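Trainee: Hey, can you work out the whole structure from these sequences and the hints?
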Amino acid sequence: ASGTWFAYASKLDNRTSDPVFLADDLQPSGEQWLDGVAATPGLQGSYFRSALSLTNLGTAEATLTVAYRPLGSAAPLATADVSLPAGGARLFADALGELYGLEEGNGWLALAGSPVVAWARTYNDSAAGTFGQLMPAFSSAELVSTGSRAYLPGLAQRADESSGGFRANAGLVNPGDGNATVRLTATGATGEPLGSGSWTVPAG
Numbered sequence: 094a095s096g097t098w099f100a101y102a103s104k105l106d107n108r109t110s111d112p113v114f115l116a117d118d119l120q121p122s123g124e125q126w127l128d129g130v131a132a133t134p135g136l137q138g139s140y141f142r143s144a145l146s147l148t149n150l151g152t153a154e155a156t157l158t159v160a161y162r163p164l165g166s167a168a169p170l171a172t173a174d175v176s177l178p179a180g181g182a183r184l185f186a187d188a189l190g191e192l193y194g195l196e197e198g199n200g201w202l203a204l205a206g207s208p209v210v211a212w213a214r215t216y217n218d219s220a221a222g223t224f225g226q227l228m229p230a231f232s233s234a235e236l237v238s239t240g241s242r243a244y245l246p247g248l249a250q251r252a253d254e255s256s257g258g259f260r261a262n263a264g265l266v267n268p269g270d271g272n273a274t275v276r277l278t279a280t281g282a283t284g285e286p287l288g289s290g291s292w293t294v295p296a297g
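Using our numbering, the letters of the sequence shown correspond one by one to residues 94 to 297.
Be aware that one or more of the hints could be misleading.
Under the rule of at most 20 Å between Cα atoms (straight-line distance), these lysine to any residue pairs were calculated in the SDA-like manner [stated by the list, open to error]: (1) Lys104 to Ala182; (2) Lys104 to Trp212; (3) Lys104 to Thr148; (4) Lys104 to Arg276; (5) Lys104 to Asp187; (6) Lys104 to Pro178; (7) Lys104 to Val210; (8) Lys104 to Ser122; (9) Lys104 to Ala94; (10) Lys104 to Phe224; (11) Lys104 to Ala186; (12) Lys104 to Ser176; (13) Lys104 to Thr223; (14) Lys104 to Leu119; (15) Lys104 to Asp218; (16) Lys104 to Gly165; (17) Lys104 to Gly206; (18) Lys104 to Asn217; (19) Lys104 to Arg183; (20) Lys104 to Asp118; (21) Lys104 to Gly123; (22) Lys104 to Pro229; (23) Lys104 to Gln226; (24) Lys104 to Pro169; (25) Lys104 to Leu227; (26) Lys104 to Ala116.
Hints in this document: simulated from the structure, not taken from any laboratory.
Computed from a predicted model, the values in this text were never measured in an experiment.
Mentor: Structural data, given as structure tokens:
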């Protein structure tokens with residue numbers, strides 16, 4: 094290709110039209126983490142699962158170890174080795190079930206080995222179809238170092254007649270071996286402070 098351009102894809106569930114946005118700027122890394130994977134019952138007979146996508150952009154076979162860590166645990170509960178041919182990809186529709194034989198769990202994945210592109214989609218699987226959210230893997234380059242700041246724009250919590258309202262979830266992930274203390278401050282659209290608080294995120 095020539096000129097200035099950007100590519101993306103949108104994958105939709107045919108039954109619900111739930112879209113999954115796939116950007117072209119995910120970078121391969123030999124050490125990365127995926128937060129928010131699950132295999133757990135939901136409301137009205139539904140079930141939450143996590144799909145895991147791995148792509149090898151390299152010219153040689155990629156081998157990596159995928160370790161599952163339950164929430165609040167720094168030690169892996171289970172590990173699995175995955176191999177990908179050069180230019181190859183694998184999709185696990187139910188990562189915890191297919192990789193580890195787990196019927197229930199909630200936590201995160203640590204990937205180590207050959208550089209690959211990774212993302213996960215945690216979704217509610219019901220008779221009506223799936224609704225979920227894609228989360229790209231993050232590497233050490235994306236970690237917020239001590240004393241640094243991260244910004245999460247566009248959050249909302251308000252009533253809305255057309256949709257019934259919005260609310261925002263925030264996640265804090267600590268893949269390190271020691272505890273981390275994080276202070277969150279909410280700011281309104283005109284710059285006014287809305288509130289703040291501190292949280293200790295344990296190792297793992």
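Trainee: Taking the hints in turn, state whether each one holds.
Mentor: Tested hints:
Note on Lys104 and Ala182: the hinted pairing holds, with a Cα-Cα distance of about 16 Å set against a maximum of 20 Å. Proposed proximity of Lys104 and Trp212 is supported: the alpha carbons are some 14 Å apart, at most 20 Å. Our distance criterion of 20 Å between C-alpha atoms is met by Lys104 and Thr148, whose separation comes to about 17 Å. Distance restraint check for Lys104 and Arg276: the Cα-Cα separation of roughly 36 Å exceeds the 20 Å cut-off, and the hinted pair is therefore not satisfied.
Straight-line distance between C-alpha atoms of Lys104 and Asp187 comes to about 17 Å, which keeps the hinted pair within the 20 Å bound. Pair hint Lys104 plus Pro178 does not hold up; C-alpha atoms about 24 Å apart against a cutoff of 20 Å. For the hint pairing Lys104 with Val210, the CA-to-CA distance comes to about 17 Å; that is within 20 Å, so the pair holds. At roughly 24 Å between alpha-carbon atoms, Lys104 and Ser122 are farther apart than 20 Å, so this suggested pair is violated.
Between the alpha carbons of Lys104 and Ala94 the distance comes to roughly 23 Å, so the proposed pair goes past 20 Å and is violated. Our distance criterion of 20 Å between C-alpha atoms is met by Lys104 and Phe224, whose separation comes to about 12 Å. Pair hint Lys104 plus Ala186 holds up; C-alpha atoms about 14 Å apart against a cutoff of 20 Å. A distance of roughly 25 Å separates the Cα atoms of Lys104 and Ser176; the hinted pair therefore is violated under the 20 Å criterion.
Our distance criterion of 20 Å between C-alpha atoms is met by Lys104 and Thr223, whose separation comes to about 12 Å. Restraint check for Lys104 and Leu119: the C-alpha separation of about 16 Å stays at or below 20 Å, so the hint holds. Simply put, Lys104 and Asp218 have alpha-carbon atoms about 16 Å apart, close enough for the 20 Å limit, and the pair holds. Between the alpha carbons of Lys104 and Gly165 the distance comes to roughly 32 Å, so the proposed pair goes past 20 Å and is violated.
Taken as a hint, the Lys104 and Gly206 pair is broken in the structure, with Cα atoms around 28 Å apart against an allowance of 20 Å. For the hint linking Lys104 to Asn217, the alpha-carbon distance of about 16 Å falls within 20 Å, and the restraint holds. With a C-alpha separation of about 16 Å, the suggested pairing of Lys104 with Arg183 holds against the 20 Å cut-off. For a cut-off of 20 Å, the pair hint linking Lys104 to Asp118 stands: about 16 Å separates their Cα positions.
Proposed proximity of Lys104 and Gly123 is contradicted: the alpha carbons are some 26 Å apart, above 20 Å. Between the alpha carbons of Lys104 and Pro229 the distance comes to roughly 15 Å, so the proposed pair stays at or under 20 Å and holds. At roughly 12 Å between alpha-carbon atoms, Lys104 and Gln226 fall within 20 Å of each other, so this suggested pair holds. Our distance criterion of 20 Å between C-alpha atoms is broken by Lys104 and Pro169, whose separation comes to about 31 Å.
Of the pairs offered as hints, the one joining Lys104 and Leu227 holds, with about 11 Å between alpha carbons and a cut-off of 20 Å not exceeded. As the CA atoms of Lys104 and Ala116 are separated by approximately 11 Å, the hinted pair is consistent with the 20 Å bound.
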